[in-house]
Amino acid sequence: MKRILIQLDSDSLPSTFDRVVAVDAGADELFSYGGIAPQNAEPLIHGGMFTRKPSDLKNTAVFIGGSNVAAGEAILTKVLKTFFGPVRLSVMMDSNGSNTTAAATVVAISRHLPLAEVDAVILGGTGPVGLRAAQILASQGAKIRLGSRTLDKAAAACEHLSKLVDTSCITPCETTSPAGFDAACQGANVLIAAGAAGVQLIAAAQWQAMSSLKVAVDLNAVPPAGIEGVDMLDKAKERSGVTCYGAIGVGGTKMKIHTAAIQQLFESNDKVLDTAAIFAIGQSIG
Amino acid sequence: MKRILIQLDSDSLPSTFDRVVAVDAGADELFSYGGIAPQNAEPLIHGGMFTRKPSDLKNTAVFIGGSNVAAGEAILTKVLKTFFGPVRLSVMMDSNGSNTTAAATVVAISRHLPLAEVDAVILGGTGPVGLRAAQILASQGAKIRLGSRTLDKAAAACEHLSKLVDTSCITPCETTSPAGFDAACQGANVLIAAGAAGVQLIAAAQWQAMSSLKVAVDLNAVPPAGIEGVDMLDKAKERSGVTCYGAIGVGGTKMKIHTAAIQQLFESNDKVLDTAAIFAIGQSIG
Amino acid sequence: MKRILIQLDSDSLPSTFDRVVAVDAGADELFSYGGIAPQNAEPLIHGGMFTRKPSDLKNTAVFIGGSNVAAGEAILTKVLKTFFGPVRLSVMMDSNGSNTTAAATVVAISRHLPLAEVDAVILGGTGPVGLRAAQILASQGAKIRLGSRTLDKAAAACEHLSKLVDTSCITPCETTSPAGFDAACQGANVLIAAGAAGVQLIAAAQWQAMSSLKVAVDLNAVPPAGIEGVDMLDKAKERSGVTCYGAIGVGGTKMKIHTAAIQQLFESNDKVLDTAAIFAIGQSIG
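Chains as they are written, first to last, in my numbering: chain V, 4 to 289; chain B, 4 to 289; chain P, 4 to 289.
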């Protein structure tokens with residue numbers, strides 16, 4: 004029986020990136036749809052639920068993607084509501100690569116520090132990847148300083164996360180004022196830059212002055228780097244005594260996690276591969 | 004040579020239901036198109052006609068679907084006009100599952116009564132499935148009472164059917180007035196409910212009072228049932244002395260017919276799998 | 004590793020013709036997109052570039068098609084700009100079959116005359132196929148009379164071609180006036196009709212009076228023929244002492260070239276199969 008992956012993409016043209024990874028992960032047939040929103044997803048899911056015997060449903064799965072992460076979350080919510088009882092399909096959500104990137108980031112950090120000892124400052128922490136990295140780190144007992152332009156935005160992001168994870172270990176921070184920025188970074192042993200593409204978030208002199216810093220991860224793939232002095236290709240590269248990763252350096256692990264997640268979709272018909280589940284896959288890969 | 008199925012769907016997103024069945028029936032490649040109307044179907048058919056040698060054309064076929072049955076019929080008409088001489092492709096039309104559902108309904112009835120002895124009342128008889136069930140039953144020598152809200156609508160439906168089959172055995176009936184309803188049901192040995200989803204068409208007391216009734220088929224898959232007291236899962240289930248079928252009980256046969264029809268498309272390049280042809284497939288499956 | 008072809012089509016529904024040929028040429032997976040323009044092509048190309056290792060990129064390729072040849076050219080330009088260094092994919096452009104048809108036309112002529120001795124009049128020479136046939140013939144040392152309704156249009160087409168090939172051997176001609184028409188044809192040994200579908204460009208008496216004429220190719224597949232008296236099915240058919248080809252007669256070679264070109268896409272990741280490269284493939288097939 005052929006493994007069918009139903010790709011629901013919130014962009015008008017379904018991502019070729021996600022399609023190639025799906026093919027290489029072993030999906031036999033891709034049903035790729037663009038322009039998907041919660042209101043048009045239901046019949047597509049019904050068609051997957053009602054065509055094969057319950058014992059065969061593990062061979063039909065759903066992938067939710069697209070550049071708009073909030074749109075992907077809304078589709079996932081709708082898809083999960085469409086299932087009933089055992090008549091369901093495994094689903095993975097990775098809009099804009101947010102879950103696989105956040106998982107790969109934390110996996111990279113875990114190679115150098117026990118996660119329970121991590122005290123991380125996340126710059127651009129309220130974006131999709133920053134939020135997810137914070138969620139994963141919090142679930143592993145780490146401390147997190149969630150940085151944003153305003154304290155209100157940072158606090159709202161923490162409030163959002165509190166529905167998913169114990170956020171007592173997350174401190175919202177504003178990083179616009181020099182004093183706020185310094186306070187956010189002071190004493191952190193991990194630095195993550197998860198801001199918009201092509202925006203520098205911290206100067207070389209600033210992070211080199213953080214005496215406690217052990218690991219720095221820059222997720223920006225468009226020059227200039229978010230963390231000045233970190234190269235896109237850095238992969239556990241030692242710089243000024245700090246272990247550095249760039250976007251491409253993290254990308255290999257991200258791709259392995261994405262591929263393994265697609266493969267897990269076809270092991271049973273009840274997987275929900277969200278942020279936490281995708282990180283668990285990342286941990287098993289190492 | 005790979006078996007290619009060109010899926011022309013009148014809905015904007017081509018049905019995943021039809022795609023999964025096509026894959027499981029052995030189509031190697033699906034070219035799935037949404038938003039199809041007669042005016043944009045022609046170049047898609049030409050591309051199928053002019054790419055392989057005549058002797059190989061049986062490996063390229065066309066499936067017409069979508070939720071709008073009239074739209075599917077218009078596409079089928081256009082597709083058949085596009086062919087010329089032996090340069091043609093096999094085609095199946097099953098918009099909204101109307102042909103396979105009607106065929107499966109009559110196949111179910113035929114397990115319990117010789118079709119020539121059937122005297123069926125069809126409630127909601129002017130919808131796509133009701134019309135097609137009437138057409139198939141008429142072709143097999145049964146008597147049919149075609150029920151609708153008004154006599155005019157029922158008569159218009161009979162007029163439409165008269166282009167496809169001898170309708171001398173079909174009586175149009177209005178089923179809105181209590182007297183009309185009773186007259187339509189009086190003496191029938193088969194009851195088919197083919198109305199809109201989630202609308203009850205006959206109460207339990209009413210059909211249980213039909214002393215001649217032998218078989219009842221409810222095609223409604225959304226509660227409440229069209230025939231009160233019949234369960235969606237009923238499959239030749241005895242209830243008050245009547246053999247009952249629900250939508251899912253008929254669904255297994257419907258799926259087998261759909262699958263077999265897709266497979267037949269690839270046996271030659273000149274099949275036209277419309278209502279009659281799809282019922283013939285249903286009969287051969289039994 | 005599966006061979007993936009990303010089909011970028013400028014029409015809203017991607018061509019089934021190009022899809023069937025791609026399947027039969029051995030592409031394992033087709034990612035077919037309609038409604039493509041330069042502005043939405045980039046992320047689709049990025050997804051192809053960044054998902055497989057450089058050494059595996061030869062298994063991902065791009066086909067550009069659609070009925071609008073200028074739109075296809077603009078997409079090709081954008082796609083080539085999107086690549087950088089060795090991170091690239093092989094690409095073929097054949098909007099409206101223009102490159103494969105022009106190549107097949109010249110291959111057909113070369114069976115009967117050395118190309119360096121060809122002196123061809125191209126009627127409808129400013130359309131996509133006429134232009135490309137002129138380009139190919141010029142590259143092989145032939146003389147060309149490029150016919151158009153006005154001399155200005157013909158001259159503008161030559162100017163366009165001068166960016167691609169040495170056009171000193173191409174003479175722009177107006178073919179509207181009887182005198183212009185006669186001058187354009189006088190002494191030519193090859194006649195190509197590459198005008199709009201269903202429009203006769205030259206009467207039988209006119210070409211039969213061309214005493215120098217050896218080969219006539221009519222590329223019009225919709226009656227009436229562009230060259231009166233040539234049949235669509237003609238394939239090296241002798242008529243009044245002239246070797247004649249019709250659209251379908253050239254079509255077999257066109258199809259072989261198209262198929263071989265798709266196969267070459269997957270031999271390395273750096274092919275650009277444009278007019279010249281597609282003709283080279285045609286020559287190797289013969």
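Wrong hints could be hidden among the right ones.
As the list makes no split between identical chains, a pair holds if one copy fits it or if it spans any two.
Calculated lysine-lysine pairs in the BS3-like style (CA-CA distance at most 30 Å, straight line) [to be verified]:
(1) Lys259 / Lys240
(2) Lys238 / Lys61
(3) Lys56 / Lys5
(4) Lys166 / Lys5
(5) Lys5 / Lys156
(6) Lys238 / Lys5
(7) Lys217 / Lys259
(8) Lys84 / Lys238
(9) Lys61 / Lys259
(10) Lys56 / Lys240
(11) Lys5 / Lys259
(12) Lys238 / Lys56
(13) Lys240 / Lys217
(14) Lys240 / Lys166
(15) Lys217 / Lys274
(16) Lys166 / Lys84
(17) Lys274 / Lys5
(18) Lys156 / Lys259
(19) Lys274 / Lys259
(20) Lys61 / Lys5
(21) Lys217 / Lys81
No wet-lab data here; the hints were simulated from the structure.
Hints and how they fare:
For a Cα distance limit of 30 Å, the shortest separation of Lys259 from Lys240 inside one copy, 20 Å, qualifies, whereas the shortest one across copies, 51 Å, does not. Taking CA atoms no more than 30 Å apart as the test, Lys238 paired with Lys61 passes between copies only; the shortest distance there is 26 Å, against 36 Å inside one copy. Taking the shortest Cα distances, Lys56 and Lys5 sit within 30 Å of each other both inside one copy (13 Å) and across copies (26 Å). Taking identical chains as interchangeable, the C-alpha atoms of Lys166 and Lys5 are never at most 30 Å apart, the minima being 37 Å within one chain and 42 Å between chains.
Within a single copy, Lys5 and Lys156 get their C-alpha atoms no closer than 46 Å, and across copies no closer than 45 Å, so neither meets the 30 Å cut-off. In the homo-oligomer, the alpha carbons of Lys238 and Lys5 lie at most 30 Å apart only across protomers (29 Å), although the nearest pairing inside one protomer, at 37 Å, exceeds that limit. Only within a single protomer do Lys217 and Lys259 lie at most 30 Å apart by alpha-carbon distance; the minimum there is 25 Å, versus 60 Å between protomers. For a Cα distance limit of 30 Å, the shortest separation of Lys84 from Lys238 across copies, 28 Å, qualifies, whereas the shortest one inside one copy, 40 Å, does not.
In this homomeric assembly, Lys61 and Lys259 come within 30 Å of each other (Cα to Cα) both inside a single copy, at 21 Å, and across copies, at 21 Å. When the C-alpha separation of Lys56 and Lys240 is checked against a cutoff of 30 Å, the pair qualifies only between copies, where the shortest distance is 21 Å, while the shortest distance within a copy is 51 Å. In the homo-oligomer, the alpha carbons of Lys5 and Lys259 lie at most 30 Å apart both inside one protomer (23 Å) and across protomers (18 Å), since each shortest distance falls under that limit. Taking identical chains as interchangeable, the C-alpha atoms of Lys238 and Lys56 lie at most 30 Å apart only when they sit on different chains, with a minimum of 17 Å there against 46 Å within one chain.
In this assembly of identical chains, Lys240 and Lys217 lie within 30 Å of each other by CA distance solely inside one copy; the values are 11 Å within and 71 Å between copies. When the C-alpha separation of Lys240 and Lys166 is checked against a cutoff of 30 Å, the pair qualifies neither within a copy, at 36 Å, nor between copies, at 48 Å. Taking CA atoms no more than 30 Å apart as the test, Lys217 paired with Lys274 passes in neither setting, with 35 Å inside one copy and 45 Å between copies. Only within a single protomer do Lys166 and Lys84 lie at most 30 Å apart by alpha-carbon distance; the minimum there is 18 Å, versus 45 Å between protomers.
For a Cα distance limit of 30 Å, the shortest separation of Lys274 from Lys5 qualifies both inside one copy, at 18 Å, and across copies, at 26 Å. Proximity of Lys156 to Lys259 under the C-alpha cut-off of 30 Å is found in neither arrangement, the shortest distances being 33 Å within a copy and 56 Å between copies. For the homomeric pair Lys274 and Lys259, the shortest alpha-carbon distances inside one copy (18 Å) and between copies (29 Å) are both at most 30 Å. Taking CA atoms no more than 30 Å apart as the test, Lys61 paired with Lys5 passes in both settings, with 10 Å inside one copy and 23 Å between copies.
For the identical chains of this complex, Lys217 and Lys81 are neighbours neither inside a copy (41 Å) nor across copies (42 Å), given an alpha-carbon limit of 30 Å.
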